[in-house]
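Peer 1: For reference, the chains in residue letters:
There are 6 protein chains.
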Amino acid sequence: MLPDDISETVRRALAEDIGPGDLTANLIPADRRVTAEVISRDEAILCGRAWFDEVFRQIDGDIRITWQVRDGDAIRAGQVLCRIQGPARGVLTGERTALNFLQTLSGTATRTHAYVEAVRGTPATILDTRKTLPGLRTAQKYAVKCGGGQNHRMGLFDGILLKENHITALGSIATAVHNAKTRGTANVPVEIEVENLDQVREAVAAGADHLLLDNFDLSDLKTAVAECGGKIKLEASGNITLDNIRAVAETGVDYISIGDLTKNVTATDLSLRITD
Amino acid sequence: MLPDDISETVRRALAEDIGPGDLTANLIPADRRVTAEVISRDEAILCGRAWFDEVFRQIDGDIRITWQVRDGDAIRAGQVLCRIQGPARGVLTGERTALNFLQTLSGTATRTHAYVEAVRGTPATILDTRKTLPGLRTAQKYAVKCGGGQNHRMGLFDGILLKENHITALGSIATAVHNAKTRGTANVPVEIEVENLDQVREAVAAGADHLLLDNFDLSDLKTAVAECGGKIKLEASGNITLDNIRAVAETGVDYISIGDLTKNVTATDLSLRITD
Amino acid sequence: MLPDDISETVRRALAEDIGPGDLTANLIPADRRVTAEVISRDEAILCGRAWFDEVFRQIDGDIRITWQVRDGDAIRAGQVLCRIQGPARGVLTGERTALNFLQTLSGTATRTHAYVEAVRGTPATILDTRKTLPGLRTAQKYAVKCGGGQNHRMGLFDGILLKENHITALGSIATAVHNAKTRGTANVPVEIEVENLDQVREAVAAGADHLLLDNFDLSDLKTAVAECGGKIKLEASGNITLDNIRAVAETGVDYISIGDLTKNVTATDLSLRITD
Amino acid sequence: MLPDDISETVRRALAEDIGPGDLTANLIPADRRVTAEVISRDEAILCGRAWFDEVFRQIDGDIRITWQVRDGDAIRAGQVLCRIQGPARGVLTGERTALNFLQTLSGTATRTHAYVEAVRGTPATILDTRKTLPGLRTAQKYAVKCGGGQNHRMGLFDGILLKENHITALGSIATAVHNAKTRGTANVPVEIEVENLDQVREAVAAGADHLLLDNFDLSDLKTAVAECGGKIKLEASGNITLDNIRAVAETGVDYISIGDLTKNVTATDLSLRITD
Amino acid sequence: MLPDDISETVRRALAEDIGPGDLTANLIPADRRVTAEVISRDEAILCGRAWFDEVFRQIDGDIRITWQVRDGDAIRAGQVLCRIQGPARGVLTGERTALNFLQTLSGTATRTHAYVEAVRGTPATILDTRKTLPGLRTAQKYAVKCGGGQNHRMGLFDGILLKENHITALGSIATAVHNAKTRGTANVPVEIEVENLDQVREAVAAGADHLLLDNFDLSDLKTAVAECGGKIKLEASGNITLDNIRAVAETGVDYISIGDLTKNVTATDLSLRITD
Amino acid sequence: MLPDDISETVRRALAEDIGPGDLTANLIPADRRVTAEVISRDEAILCGRAWFDEVFRQIDGDIRITWQVRDGDAIRAGQVLCRIQGPARGVLTGERTALNFLQTLSGTATRTHAYVEAVRGTPATILDTRKTLPGLRTAQKYAVKCGGGQNHRMGLFDGILLKENHITALGSIATAVHNAKTRGTANVPVEIEVENLDQVREAVAAGADHLLLDNFDLSDLKTAVAECGGKIKLEASGNITLDNIRAVAETGVDYISIGDLTKNVTATDLSLRITD
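Chains as they are written, first to last, in my numbering: chain A, 20 to 295; chain B, 20 to 295; chain C, 20 to 295; chain D, 20 to 295; chain E, 20 to 295; chain F, 20 to 295.
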């Protein structure tokens, strides 16, 4: 991950919170120093240390943070995550923005982790999607990895995925795959969304490298795996929940991609408290 | 709301999704035109038209969008929200980013609306907090208004709120309020967080304009309203849920502020489909 | 004040002065070091150290500045304000931009200070307005505080002020105040501009929190103070000069707001001289 | 002048004034339209139409402005400068920022014009300096031209001017001029600051193209003109006021450069009034 | 290709050329209009229309360009490429920057085309590399396509290529391929650089998807093709020139990647002439 | 040269190469450290150290670079230019972008140097033009100086050059020069392009300071030098090559300007190799 992306994302978040100045923190004497700690109120998977650190680095280079956990660690309610020392003004000015990053990204890592645990022991790998919070794509993709998932493509630029609308615009699965294989960037596998077993066969015949099996029932997933597992990557998607994901994984698909990982957020409950 | 903020937020979201180019849409002939429609799969409160429109405006000035609903409208599952006409490439390149804005902001408006409905008929007004998704503060604050809530301060720059950590750093409630009243910007009311009825009295005596009653039980809320309702603004906060909010509202507090409005997200389920 | 705002303002000022490079300073050997001092040619109130320092920090991290005065201090003609040590090229490249900030902001602080002195001993507080130099709002607001004034709102986002044009657009004082009290952001006091005593009474009846008394004569100011002083904030404005301000202040108004503080500039005369 | 520079300067000025939104204008119904006019309260030279127009263009493309005067025109007190038609919200949101540009730049044009008038009929041309308001260099240089002056260099990048500190750092006038003539960019004339007639002769001997005669008395100015007028450009500078400038101009110098043009500001008094 | 990228690249190029203003074009009356044409002095493959158009769009919306050729077309010496109509100032201000884009990108397209022609009839596809002109990556990648080549990865983010230094850092080819296959982004093929036939076999055994055969002689290339052609993508690289490329292509490799396409530039000779 | 320009140019180059992250370098353990060296494969003039250093500074502050040569030095094939120590990931992520700057700018310095050598001993100075790679103007102008050339104007803002199209638009050489001398910025010499000896005389009569002799044959160049050498600057341009430049220089012209210096690039062949 580029430091630059983190730095810019943090800069924007601070700008929207601080604007022309912090009216409250400025009431505190400039030379007052404090020690504070961040405590988790939830059980979760931690994610977001680099963003948290960058918030305080941009506010005041004199603030020191000592972490007791790392990104990807399981944390428990009541656990102290880090200690912060520095000028009171800077610590309080940065508090909310720093926690907003940590609570949002830990929320995504924690949600991912639940799905990863649900398929443990099966061959399926959990993937994210492009259904993300605008402006936080890179950060959320990183949180998915902290939660044990893998990343699908970052965006439109690093993978071809022919979805139903593309096929409509191009006329047929065969044309869509043919265009994708013969034009454009070398070395990019061609993934295509299919709706039923007939389309699976049409896409395989056309030379697709990877199929997105959209809303298949378990029986059709098994047939698809039986027919083309091993020869081509199979990815189940659509209406996957924590309740039904294990059954989907046990059909033998290679990947399960889940919009819920990144489009929904349950923020981890964290608080920062001055101790001294 | 400044068009400029929308435009910049959209620009960043497109940059993270499109990067150096859309490998898939570029397979479609440049002169292929389509008509598409956006359909809701959920019951929700719509929010985010301006961001959705701006996505397509930045991609291709030739795309036309005809809306059938407005921000703040209740929408039902299966309802067509808008029609889109234009070059197929541009429509498909913008699809995901446009929907990401609409699903996130409608999610916030919908969540807010549920709380607003829950207190209907009581004197309480629903307020948001600064617990927002980094980079989306302005957009989420707008979504809260679409859902029927009111905005608390936008950030640290347009209101004084002395929280527990500030009081610790300043020494006492009396000092904190005194500093806030005698320094800084003219005309900004002084809000202070209090933990119990003794602190309520101390803050009132010190001249606070507005109290944040943190985690008060119903009985203490009623006492606070009885003692100082009408003379000073009272805002309940902490552990408010859809289950208990009506009881809180019926104590007579002026405001109830709720982090859940903006820190948690349940994206509204939307889809874009080419019809022609 | 956010370091970020200072840094960006300085960056733009350096860009407009240096552009692709300093043709003159580059004639000096790169390893030539100098000591210089900044001397005031005027009596003034100093303001702008952070901008001055930032100019040199951006040009060359190797330049050291040792200040002998602080922002807000009264300085006299001939006084040495600071000493600068470092590479000759960097010192001379930054000289003009650094002095431009210091002379402009000290000019604003000095002008403010004259008004503050003129009302010393009366209850009136000197406020600035939004009549500022484009791009220097935050810096000038800070200079006003260095001169002993207080800040009115920073911009359109952190206060409601219904001026004559707003009342025209909304239909009446009553409607204007009513809309302001029942919509929008919680906790923002409603200020309204009034032209005569009838409008004072109408605004008070409508529930305004703060009145801007525009171009009132002394007699009407006194009547307004007598009728509603203490219950509502009163602010005199319009045609205030150093000659008449004391009489205005003695009417008992809470605030006097003055466009002259920030829209007109008499730059403090400063010079930078190499001493070694 | 590049539209881009105007657009960026306006964008920053709007950002500092509007921030996350205009709390007051948003109280007006979105479909309320108004006609307004800008009236001058002062006699002045107008400058700043492009910035004024750009403010409203960025806020709402639906606002129309009809000018009755042009940049550089003399305007009188009471004169209507332009009419504005469009949505009330946009007109009122942009009012202050648009007027701030117009009043500041007209102030600079007007001040310049006074000096230009004072030397009318003499051979002297009025020049500005680099003593400008940070961030407004390009705009103020344009205002100087509207007032009838000419521009000295825009910044450090488009002209060589060896001042006293450069000479100190380089050792002597001869070395300074020699370095400037033999290094760096082709085709840039070499200007050097001199303090007395001996230095005039030293600089001429060294091959300078242009002399800045700093704080010379009238007699020495005449001697300098007599000795080297016509062969080399002569520019008087230092302690020039409207009272003494004509005498300086009559010595026969080519240029008179005046910091006062751009470092001091007397804003032209303008008001915007809704007429319908 | 994103309009946004073109727009930003053009904005920067104009900024560096125009800076605070065009001293020469401003001498022409503002209402003088011209017709001009761009003529090629060389035989070439055209590339860069969108950048050329954007230059004039940013300078003056009133300039109209009528093209007679398209990107990718072969053009001959003396051919008129387009006609331009509009204000003389804008046309002359944009001339150089617009031509700089067109001459640079046409140079890249032309160079690529020579290699593509040299391998016509063989199975080899010409690829570019990441050896590009800083800041022009996206534009040059587009020029390669106009010249008939295909793009290798855009950057470090959309493909894995384990080069000699990565293998050194990771310890062995087997470890490098293993890490690449089991970590990171789903669906990205693993390419690895090999130096000899032993490494070819080691990489194939480790599961690589694509080999970069660095500096292989023709005999070794043929052996590599014989052993693993069809099963794995083979790409020749290193010291490829127009003289030896056909022999390389005839060995049967899938790709030949050539730094020369984008790191060296022979600008196409173009001129813009006012005709009316 | 402003650090700021280097920093921004590098930032853009890194952004286009790294985008959301380096898929390959991230496979290496984060704590793996390496030593590497950059070796030249060509004989060349080095240029670009500051850009190279800035690439690594932006990626990882922990990378140390020890140079053994300076900008402007002649380097030979096989020579080690610098050693790099630091985390393997950062070194490999920055490698290509850092080398792209160094190979492009050294290419420009080397090409310039060949022309400078070709005219050694004549009075002619080698100048560059505005035919540069978009976005790299400042960097290439610096490279020309490292190669021993001088810079013509940086852009349209710091010099007047009336070319054939300007003369067409203004009507005549006399009008063009007259406008240039009487309007605009003080102190900028007026250069004009002429096509034959008649125009030379017309331009001199009109008061031009500097002539661009476009495509003159040697005999006409000599006549121009004989008629006006010493009184006015003479610059030869058009179809200058390494083969004919010495003859041009021996005619006695002051300057020879050459588009080839900056519009064509032969990248210096460099490689970075991990040694430890």
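No lab work stands behind these hints: they were computed from the structure. All figures in this text were calculated on a predicted structure; none of them were measured in a lab. Check the hints yourself; a few may be wrong.
One copy or any two copies: either way a pair holds, since identical chains are not told apart in the list.
Said to hold, decoys possible - In silico lysine-lysine, DSSO-like type, Cα no more than 30 Å apart, as pairs: (1) K241 x K164; (2) K241 x K182; (3) K250 x K182.
Peer 1: Each of the hints needs a verdict: does it hold here or not?
Peer 2: Outcome of the hint check:
Only within a single protomer do K241 and K164 lie at most 30 Å apart by alpha-carbon distance; the minimum there is 28 Å, versus 42 Å between protomers. For the homomeric pair K241 and K182, the shortest alpha-carbon distance inside one copy (22 Å) is at most 30 Å, but the shortest distance between copies (39 Å) is not. In this homomeric assembly, K250 and K182 come within 30 Å of each other (Cα to Cα) both inside a single copy, at 21 Å, and across copies, at 28 Å.
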